[in-house]
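Colleague: Please build the complete structure, drawing on both the sequences and the hints.
The sequence shown begins at 1 in the numbering used here and counts up by one.
Don't read these hints as lab results, they were simulated from the structure.
Don't take every hint at face value.
[As the list claims (entries may be wrong)] Across the chosen pairs, the derived CB separations fall in these ranges:
| # | residue 1 | residue 2 | range |
| --- | --- | --- | --- |
| 1 | S270 | G78 | 32 to 38 Å |
| 2 | L116 | L294 | 46 to 52 Å |
| 3 | S270 | R109 | 21 to 27 Å |
| 4 | L119 | T3 | 17 to 23 Å |
| 5 | Q203 | Q101 | 29 to 35 Å |
| 6 | L48 | V257 | 43 to 49 Å |
| 7 | L4 | L110 | 29 to 35 Å |
| 8 | L294 | N125 | 16 to 22 Å |
| 9 | V257 | L119 | 35 to 41 Å |
| 10 | D106 | L48 | 32 to 38 Å |
[As the list claims (entries may be wrong)] With a cut-off of at most 35 Å between alpha-carbon atoms, the simulated DSBU-like pairs for lysine-lysine come out as follows:
| # | residue 1 | residue 2 |
| --- | --- | --- |
| 11 | K300 | K127 |
| 12 | K127 | K149 |
| 13 | K300 | K83 |
| 14 | K5 | K149 |
Because the structure is a prediction, the values reported are computed rather than measured.
For every residue, glycine included, the Cβ atom is placed at its ideal position computed from N, Cα and C.
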Amino acid sequence: METLKLLFSFSISISIFLLSLRLMSDSVQAVLGVRLRRLLTLLTYNPLISLITGAVVTAAVQSSSAIAAITVALVNAGVLSLKQAFGVILGANIGTTITAQIAVLDMSRLIAPIMLCGLFLLPWNRKTQHLGTVLVGIGGLFMGLFMLKLSLIPLLEYNWVRQGLIEVSGHVLPAVLAGILITAVVQSSSAVTSVVIVLGQIQAISLVGAIAIAFGSNIGTVLTTLISSIGMSRESKAAAYADFLFNCLGVIIMLPVINQFARFVTLTSSSLAQQIANAHTLFNVITALCALILINPLTKIVSKMAGMS
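Modeller: Listed below in structure tokens is the structure:
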């Protein structure tokens, strides 16, 4: 019975986190509205600018899946070229890592003030309502992370939980697969990496195991982009394949050197949780920049995959 209570508490924590993340994302998209699509259209005139635009917009919207889906739709409408879309998708992978950096911070004391400010702004006009909703979402995000830590600590007293984490931490491929499957189910790489960071805060997972799960989450989150391209043009499918190919190749290339990468990441901080967040950011920045250099051949590959040539 006690186990069920703890699992229920864990589920509620994840639900609050996901709901808050969605609330923030929807509110920011509502504020930007048509301007978001216009921004993606105007600030994508070369691959580097496309990458920067994708990173900034995703950091604001807090949903790489949403930005990727919008990008695929813009390609389908003929507004963006495949190369422009590829740049935005690369940037989106960088922008989404800001959630991991936020998850490291202990903001539990600010939960109530942030949410109260948000609630205060809700009854006024539409602009303050959107801002209030964003603040409520931010407060909910921190509350979800705080509750997550509280629910995980007692769960770790059970042998089957500890044993499962030891197995994942000690075997890279199962950890990657776990990251893929869990992210595909919850459809949020941010949620998965945040849980891993909380596990790092309570010293319940190894750095290599955490990095491997984060690698897997990058692949798992692509499912939304692939689904959004169904029934669209070949160019749209090529943009979705670009997202999938980029994430898969990045993981395949980094897996053989994951231990060396982990050792390098330990130099960035003495905190395991911060190391995990930094590893997630560094991986996405490094792979995005490498893909940017190879954008022409990669674009040709996904074009062939989509039957464009």
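Colleague: A separate judgement is required for each hint: does it hold in the structure or not?
Modeller: Do the hints match the structure? See the list:
no. : hint                     : result
1   : S270 to G78: 32 to 38 Å  : 51 Å, violated
2   : L116 to L294: 46 to 52 Å : 49 Å, holds
3   : S270 to R109: 21 to 27 Å : 23 Å, holds
4   : L119 to T3: 17 to 23 Å   : 35 Å, violated
5   : Q203 to Q101: 29 to 35 Å : 20 Å, violated
6   : L48 to V257: 43 to 49 Å  : 26 Å, violated
7   : L4 to L110: 29 to 35 Å   : 32 Å, holds
8   : L294 to N125: 16 to 22 Å : 48 Å, violated
9   : V257 to L119: 35 to 41 Å : 48 Å, violated
10  : D106 to L48: 32 to 38 Å  : 35 Å, holds
11  : K300 to K127             : 44 Å, violated
12  : K127 to K149             : 34 Å, holds
13  : K300 to K83              : 10 Å, holds
14  : K5 to K149               : 15 Å, holds
The structure fails to meet hints 1, 4, 5, 6, 8, 9 and 11 from the earlier list, while all remaining hints are met.
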